[in-house]
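Heads up: the sequence lines are chains U and D, in that order.
Just so you know, we're using this note's numbering here: the first sequence kicks off at 1 and counts up by one.
Just so you know, we're using this note's numbering here: the second sequence kicks off at 223 and counts up by one.
A portion of the hints provided could be inaccurate.
Unchecked claim - Below, computed lysine-lysine pairings styled on DSS-like, alpha-carbon distance capped at 30 Å: (1) U:LYS155 x D:LYS232; (2) D:LYS232 x D:LYS262; (3) U:LYS70 x D:LYS232; (4) U:LYS113 x D:LYS283; (5) U:LYS109 x D:LYS262; (6) D:LYS226 x D:LYS262; (7) D:LYS262 x D:LYS283; (8) D:LYS224 x U:LYS109; (9) U:LYS155 x U:LYS2; (10) D:LYS283 x U:LYS155; (11) D:LYS283 x U:LYS109; (12) U:LYS109 x U:LYS155; (13) D:LYS283 x D:LYS232; (14) U:LYS155 x D:LYS226; (15) U:LYS34 x U:LYS2; (16) U:LYS118 x D:LYS224; (17) U:LYS109 x U:LYS2; (18) D:LYS224 x D:LYS262; (19) D:LYS224 x D:LYS283; (20) U:LYS118 x U:LYS155; (21) D:LYS283 x D:LYS226; (22) U:LYS34 x D:LYS283; (23) U:LYS34 x U:LYS70; (24) D:LYS224 x U:LYS155.
As the list claims (entries may be wrong) - Using C-beta positions, here's what the derived DEER-type ranges look like: (25) D:VAL263 x U:VAL19: 23 to 33 Å; (26) D:GLU270 x U:GLY116: 53 to 63 Å; (27) U:ARG74 x D:VAL243: 34 to 44 Å; (28) D:GLU265 x U:ALA151: 33 to 43 Å.
If you are wondering where the hints come from, they were derived from the structure by calculation, not from laboratory data.
Just so you know, even glycine gets a beta-carbon here, dropped at the ideal spot from N, CA and C.
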Amino acid sequence: MKAAVVVFPGSNCDRDLAVAFEASGADVTMVWHKDSDLPQDVDIVGIPGGFSYGDYLRCGAIAAQSPICKSVARHADRGGYVLGVCNGFQVLTETGLLPGALLRNAGLKYICKTVGLKVETSQSDFTNGYNAGDVIDIPIAHHDGNYFADAETLKHLQDQDRIAFSYMDNPNGALADIAGILSENRRVLGMMPHPERAADAGHGGTDGQALFRALAGALTTA
Amino acid sequence: MKAKVHVMLKNGVLDPQGEAVRHALGAMGFQGVNGVRQGKVIELDLAEGATEADVTAMCEKLLANTVIESYSVEMPA
Numbered sequence: 001m002k003a004a005v006v007v008f009p010g011s012n013c014d015r016d017l018a019v020a021f022e023a024s025g026a027d028v029t030m031v032w033h034k035d036s037d038l039p040q041d042v043d044i045v046g047i048p049g050g051f052s053y054g055d056y057l058r059c060g061a062i063a064a065q066s067p068i069c070k071s072v073a074r075h076a077d078r079g080g081y082v083l084g085v086c087n088g089f090q091v092l093t094e095t096g097l098l099p100g101a102l103l104r105n106a107g108l109k110y111i112c113k114t115v116g117l118k119v120e121t122s123q124s125d126f127t128n129g130y131n132a133g134d135v136i137d138i139p140i141a142h143h144d145g146n147y148f149a150d151a152e153t154l155k156h157l158q159d160q161d162r163i164a165f166s167y168m169d170n171p172n173g174a175l176a177d178i179a180g181i182l183s184e185n186r187r188v189l190g191m192m193p194h195p196e197r198a199a200d201a202g203h204g205g206t207d208g209q210a211l212f213r214a215l216a217g218a219l220t221t222a
Numbered sequence: 223m224k225a226k227v228h229v230m231l232k233n234g235v236l237d238p239q240g241e242a243v244r245h246a247l248g249a250m251g252f253q254g255v256n257g258v259r260q261g262k263v264i265e266l267d268l269a270e271g272a273t274e275a276d277v278t279a280m281c282e283k284l285l286a287n288t289v290i291e292s293y294s295v296e297m298p299a
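Isolated chain U (complex conformation) (with noise of 0.2 Å):
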């Protein structure tokens, strides 16, 4: 599996996903903001957390303009794989890779705590590592995630069995306790929660591990 982690001025999340991505058995380029081209024969691509641009204007949404982006999504489009975490989430609802947006947690403050998640499907190379109705404990980290769409939005993503993850006790007031969603085709998945704070026996949890691994395991075989 050859994954790239994009780099924009303010990421703070780099790093720990590219060593979750090699834990799993990726080969992980960092790519700058600035460039214009992915490594040739990227599988996936991930978008880590942090204050992109300092959350200036909206969370991601200069990110979300920036030329690599321009080749995430021309990525996406041809079928790649691309994972969002946190900031990353806020990037790929900006670039209309995934549908909604994140506004501020309803209790207006930064939370940063370790939650449960209910794992919805196990219907994608990202969670097939999970049985749907599992329940994993990963961190969350942020100001602005409280997942917002309208009710036709929210019913496609629900019939679609799109909705990735939900909260056990939604922290952030997020419109139908939605933590992580995918994109219609399965392989785009933005979720407010770290997995790759919880993927070494070091971080005080394992279980984000098996999203890396099933992703290693539909990537490398492919």
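For chain U, the structure is supplied; the task is to place chain D on it using the hints.
Positioned in the frame of chain U, the structure of chain D alone reads:
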């Protein structure tokens, strides 16, 4: 020439910041504030000849996220 863009959360989208401001005003003793919505104003210093259509395109592509926000453009008279 200066154009102004007003960006507001759409009706129906919860505005927790506006709600917090409303609570604070009530706690300070200001009576009768039934609702507060918080948005932003963006001033653009534009070269002569820029049109409202140009600014609208900027709003659609970057200045507003039309999934959650509405905008209005104020051009100089």
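Please verify whether LYS224 (chain D) and LYS283 (chain D) have alpha carbons no more than 30 Å apart. Given pair LYS224 (chain D), LYS283 (chain D) holds - Cα atoms ~19 Å apart, limit 30 Å.
Hint consistency between LYS232 (chain D) and LYS262 (chain D) [alpha-carbon to alpha-carbon, up to 30 Å]: holds, 13 Å
Proposed proximity, LYS283 (chain D) with LYS262 (chain D) (alpha carbon, max 30 Å): Roughly 17 Å separates the two Cα atoms, so the pair holds.
Straight-line Cα separation of LYS283 (chain D) and LYS232 (chain D) no greater than 30 Å? The given pair, whose Cα atoms are some 17 Å apart, holds under the 30 Å limit.
Tell me if the straight-line CA distance from LYS118 (chain U) to LYS224 (chain D) falls inside 30 Å. violated, 50 Å
Given the hinted pair LYS283 (chain D) and LYS155 (chain U), is their alpha-carbon gap at most 30 Å? holds, 26 Å
Verify the proposed pairing of LYS70 (chain U) with LYS232 (chain D), using a straight-line Cα cut of 30 Å. With Cα atoms ~28 Å apart, LYS70 (chain U) and LYS232 (chain D) stay inside 30 Å; holds.
Given the proposed pairing of LYS34 (chain U) with LYS2 (chain U), does the C-alpha separation stay at or below 30 Å? holds, 20 Å
CA of LYS224 (chain D) to CA of LYS155 (chain U), is that 30 Å or under? violated, 42 Å
Under the criterion that the straight-line Cα-Cα distance not exceed 30 Å, is the pair LYS224 (chain D), LYS262 (chain D) satisfied? holds, 16 Å
For the pair we were handed, LYS113 (chain U) and LYS283 (chain D), check the Cα-Cα distance against 30 Å. violated, 34 Å
Under the criterion that the straight-line Cα-Cα distance not exceed 30 Å, is the pair LYS155 (chain U), LYS226 (chain D) satisfied? At roughly 36 Å apart (the allowed maximum being 30 Å), LYS226 (chain D) and LYS155 (chain U) break the hint.
Hint violations for this structure: numbers 4, 8, 9, 14, 16, 17, 24 and 25, all remaining hints satisfied.
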